[in-house]
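Please take these sequences and the hints and turn them into a complete structure.
Protein sequences, first through last, are from chains W, B, G, L and C. Under this note's numbering, the first residue of the first sequence carries the number 1, and numbering increases by one thereafter. Under this note's numbering, the first residue of the second sequence carries the number 1, and numbering increases by one thereafter. Under this note's numbering, the first residue of the third sequence carries the number 1, and numbering increases by one thereafter. Under this note's numbering, the first residue of the fourth sequence carries the number 1, and numbering increases by one thereafter. Under this note's numbering, the first residue of the fifth sequence carries the number 1, and numbering increases by one thereafter.
None of the hints are false.
Each computed DSSO-like pair below joins lysine-lysine, with the alpha-carbon atoms no more than 30 Å apart:
1) 212/L x 68/L
2) 208/C x 20/C
3) 125/L x 212/G
4) 20/C x 177/C
5) 104/L x 125/L
6) 212/L x 125/G
Calculated from the structure, these hints are not laboratory results.
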Amino acid sequence: MNAALDLTPLALSLRLSAVTAIILLIIGTPLAWWLAHGRSRFRFLVEALVVLPVVLPPTVLGFYLLQLLGANGPLAWLWALVEVRLVFSFAGLVIGSVIFSLPFVVYPLKGVFEKVPRPQLEAAATLGAGPVDRFFSVAVPASLSGFLAAAVLAFAHTLGEFGVVLMLGGNIPGETQVLSIAIYNHVEQLEYSAAHALSAGLVAFSFMVLAVLHFTNSRRKVAL
Amino acid sequence: MNAALDLTPLALSLRLSAVTAIILLIIGTPLAWWLAHGRSRFRFLVEALVVLPVVLPPTVLGFYLLQLLGANGPLAWLWALVEVRLVFSFAGLVIGSVIFSLPFVVYPLKGVFEKVPRPQLEAAATLGAGPVDRFFSVAVPASLSGFLAAAVLAFAHTLGEFGVVLMLGGNIPGETQVLSIAIYNHVEQLEYSAAHALSAGLVAFSFMVLAVLHFTNSRRKVAL
Amino acid sequence: MTQLSGHFRLSRGTFLLDTAFDSAGPGVTALCGPSGAGKTSLLRCLAGLETPEAGMLRVGDEVWFDAKRRVFVPPQRRSIGYVTQESSLFAHLSVEDNLLYGSKRLADSARRASLDDVVDGLGLKALLSRRVTNLSGGERQRVAIGRALLRSPQVLLLDEPVSALDVAGRADVLRYLRQVLERFAVRSIYVSHDLREAARLANEMLWMERGKVVAQGNARDVLTDVHLPFAELDEAESLLDGVIEGHDEQMGLTRIRCADTTLWLSQVDAPVGSSHRVQIAARDVSLALSAPGAVSILNVLEANVSELVVAPRQPAQMIVRLDVAGHPLLARITRKSALALQLQPGTRVWALVKSVALAE
Amino acid sequence: MTQLSGHFRLSRGTFLLDTAFDSAGPGVTALCGPSGAGKTSLLRCLAGLETPEAGMLRVGDEVWFDAKRRVFVPPQRRSIGYVTQESSLFAHLSVEDNLLYGSKRLADSARRASLDDVVDGLGLKALLSRRVTNLSGGERQRVAIGRALLRSPQVLLLDEPVSALDVAGRADVLRYLRQVLERFAVRSIYVSHDLREAARLANEMLWMERGKVVAQGNARDVLTDVHLPFAELDEAESLLDGVIEGHDEQMGLTRIRCADTTLWLSQVDAPVGSSHRVQIAARDVSLALSAPGAVSILNVLEANVSELVVAPRQPAQMIVRLDVAGHPLLARITRKSALALQLQPGTRVWALVKSVALAE
Amino acid sequence: GPVARAASEPVRVAVAANFKQTIDRLAAEFSRKTGELAPVVTSGASGLLYSQITQGAPFDVFFSADQERPERLERDGLVVPGSRYTYAVGKLVLWRPGRAWSGTVEQALKDPLVKVVSIANPAVAPYGAAAQQVLEKIGLWTAPPFRVVQGESLGQAFQFVATGNAQLGFIALSQVKEANAQPGIESEVLEIDPRLYAPLAQDAVRLKRSAANAAVGRFLDFVSSPQGRAMIAAAGYASAP
Ligand SMILES: Nc1ncnc2c1ncn2[C@@H]1O[C@H](COP(=O)(O)OP(=O)(O)OP(=O)(O)O)[C@@H](O)[C@H]1O
Ligand SMILES: Nc1ncnc2c1ncn2[C@@H]1O[C@H](COP(=O)(O)OP(=O)(O)OP(=O)(O)O)[C@@H](O)[C@H]1O
Ligand SMILES: [Mg+2]
Ligand SMILES: [Mg+2]
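Next up, the structure:
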């Protein structure tokens, strides 16, 4: 029971989810904007590509990533060059999680980006705002609900995910053993009470965070 | 190899994903509309609740659902009464998938629903359209991109999901063994070539469907 | 025509709409007043798009709103057409589908206006299959008017419906509007910043200021009351009712008998004997102490000065209210002239009217 | 003041904008024309919001667009202020932040207009902290004007910027606008459906029809050319340049010397000797064959008839172009009167001008 | 309670993932020999299958990867009394792809080229627990000169090595046999002295709900028949003591 309630996996999970969500927002935002407003004829291909990782079972995706990122993978020389180890490390978990949650960030963002009022973007341009400036000063504030949705989905999905993480992380305590794996293990070992405790804690914690988040957000809108 | 390329799991997966996506759109649409435009002060609680299933590892969520829906679960009398078996059956898989993909439908929809121009909704009202009519004649057409996103995410996420499905009995060949589990099994059994073949097929198939979908969608927008 | 009356109290931030109103006479009711007076807010209350904190609204025999008895008929069950101040066309529908949106939702029996008629009347033929997002400002307004008319409403709310139209287009639309409103006996409230335009259409006028209707009444009386805000405006004017006496086909003129004299105006397409109302801008009226000689001014009316006030915003000018055989007529002249002519209540004068418009 | 000239070809569906234009004189250029003529499209090309298929645009020494040489300066690098026909305020910003959006993006040295000045001039003080989504139509327009001015642009594009304002508010805003434009020597293009308003502000007028500028020139000449569309309008008018001769403080009048005579108008707040332009509506001008007796009409000008045409849309009326000591002046009278007075080119007449407005 | 079923119903087998392929072969042979319907095989982690069985999963027999879960099912009263027996005993091996072996387990592990060693999760998988015992016995569990990575299952422990991300892996002999049957995977194993770890006895039970299906008994009989035992031994298991 004591080992069961070790909090390292929780801390690790939260860190992983936060880092993943942040990276996803950073990558996903320009991608979503390009999908919503870009001019290329091949946007539809990229749009389809973004979802693909999700159609594979997580462990299988993890398996492929393990091959791609691993010591014998086609890109191994690259990792060796920059001296990072991508498997069995936190960095690997982040990469796996990012790929696996990408569509849950890109799609909601694209949806709201398409709804940013064109007259307002044009007004911003005539008032001297270049594309990037327009994006941050007009599009982003008009899309806050989409960002909230994207962040929540990315965070939650990473918190719960364990298939990819397991494959890429190797379940190394304190390094890659995240909470979802810990809970899973308890269930497998028939240590139900520990599993219940961890699950309940996770759910309660998530619920509180989410509720506060949504509450502030709904307040903000009323105040606006 | 022959057994490996059995197409029953594929058919089952597509059926499960389609049914799940449809049910999710049916449930998720009013829920998202209510979250976007409802007046209740407790919307934020519901909004937080919707995401919770995702923060748990899929197998653990599946474990709880198994307890809840199973023969010895607290609701067993109810299932007995209506004579449906919810675990180890297609119905069970659908329930699990619906719960597990709910936020990926509700969040993108809520995002676009919030952006439906209020003056257009008001105009529809003064032109004689009641709430439901307004919803279908104004809000839905203005939110098509959100519906597309929601449907794609729900479908893809269900296609790839296997933790919940596995737990709820989704590994009975020909009955509940979906493609993701078949692939997972092949990898577990070291039958890599079969796993690769199925994965490649799934990815290629999904890519084609998605590309066609997004292509038509981008066409439609240009034509509008 | 449906009577519309009630009172509302609605507060939004620091603004408080708190007013009673009543629109009972025939025809159009014009709603005027400075920007921010609450005109749009009032229309929204009438349409059911706002729920006032207090008040009630009676339309004909029906009660659409009663705060005390907790009655609130939602917009879709009020028979209204509402042309909003800013465009609210459906971006995903073509012009034609926009036009038909309301009429599709009517029972066949309630459908009075026809698509063809509206399309012709508003000149929308060439636009029917277009997307609304790339219409010009004036085109959008015409579509919005058409859409509201095709709803065949009992009450039509028009919030500056022709502000984006050029003068010629505006005249065409107003003519058509007037005709439709009469044909279907629609009660309508018309918000306008252009008093001439409002007076041309309206029988009744409301003046709003700071959330309150401060003046209200028959257009003829309200317009010529020197103590009300209308008379102060640059475009102040008078309405006279008359009867067509004859046409001068050659000159393209029509004689109208009104206020015991004959007025000439551009030929009207109406039979002799029909009654018409003419509109005379106060600034078009000059005064002389004796009947003038050969001038290009066709219309000369004998009158008595009944009241004189200095124009509040322009101290160089005076507003003179004349009595022309019992009918009120406003003139706006400089204080210098008034002094030179030694005008006083009771002075007998000749009113020279440069231009007379038919207030149709 | 920056010269603006060029030509554009832009096709959008069945509409083709294909026109040259040139705006070189000082002050405001008015852009008029029927709804759908392409006024907004032209402004969008000037702002860089459309990329024409062909053409070029030269602004002062700079080339903002040249299809041949593939030059296209994006909107954010053109020094423009654009007040659009429909509201485009930033919904997520307060009124104050909307106003400051453009000026924040300027170098300190380029910032000429100040927030305080604009807020005072447009009466926005009470609105500063408000959200823009619940402003009234007129309030929104004033904020949009302020926002464009605070961008301190070289070129200001105004697309019916005061259509939602009441008459008094409109006059205030236009007065302020005029003053600012002069102070900072801003080149501006002003789209308006109200010819009087346009003439009050503009030195130069463009008339567009079906995607083309069909008439263009100095406001005084263009307005009084009986063969151009301006003279046909109900609100046709003439501009006369004059010099202030004196004030009559008591009567609140100002004497202006122009076209060899003296005109009286409401007192102007300007020193004796300063030059001013007056605006005389064609319908305010009556004609007499002899000098009139005691009338309330203050201004009587001796003139010769130079041209007479029947008003195209109103065959009962004639447009008469007078020559007042070498200055053109339009009068609009009935055909009947013209016949009665036996007017012909060369006839000597007295023009009675009811009301003279300063075309500030 | 048990549901009466037609005799023509196939036997439903729940099996631990590591025994899946073996049971598949047994089932095929059973059906070929007797002409009965081929049993339907569902594989999964033993813990998962246990949970499902307690919730009424439609299985007739359960081949676990350990002894604990069948015992619990017995205590739960879900199995036909007396049906529990050890059908196989697993053999733990040390594996690396490709190269030929020599020397002891200890030497192999201390090779400086060995950076990462994979095992199954000791908490969940009996083979993982066995691997831990071996490492403990040879004093390499605490502070080993390599990293130990854990797969959730034997399959994953195998994959870490197969993808080259681990140099050595503790896996089951049966896996290597299966892997060698796959094209493209050549490997040799180092057998581990069975005294270094507790026996990996795998128990099977017949579930109560199968009572009405006579085919279940026939299938179980076949599995424990000499032919069945031979097939199990060929798959890399020691036979039950
Ligand atoms: N939430 C609010 N807080 C403060 N003031 C508000 C709010 N909502 C509206 N107002 C004010 O209410 C007043 C009335 O607005 P309304 O739109 O009815 O004016 P209006 O008469 O239609 O003006 P316009 O002619 O300019 O369209 C405006 O001054 C507006 O700023
Ligand atoms: N994609 C398109 N297809 C066809 N016609 C178009 C398209 N886009 C614009 N137009 C037409 O171009 C014309 C010019 O539009 P523009 O907005 O420039 O007119 P405008 O002069 O500003 O009119 P208004 O005074 O009514 O605002 C309009 O008739 C409009 O319908
Ligand atoms: Mg308004
Ligand atoms: Mg326009």
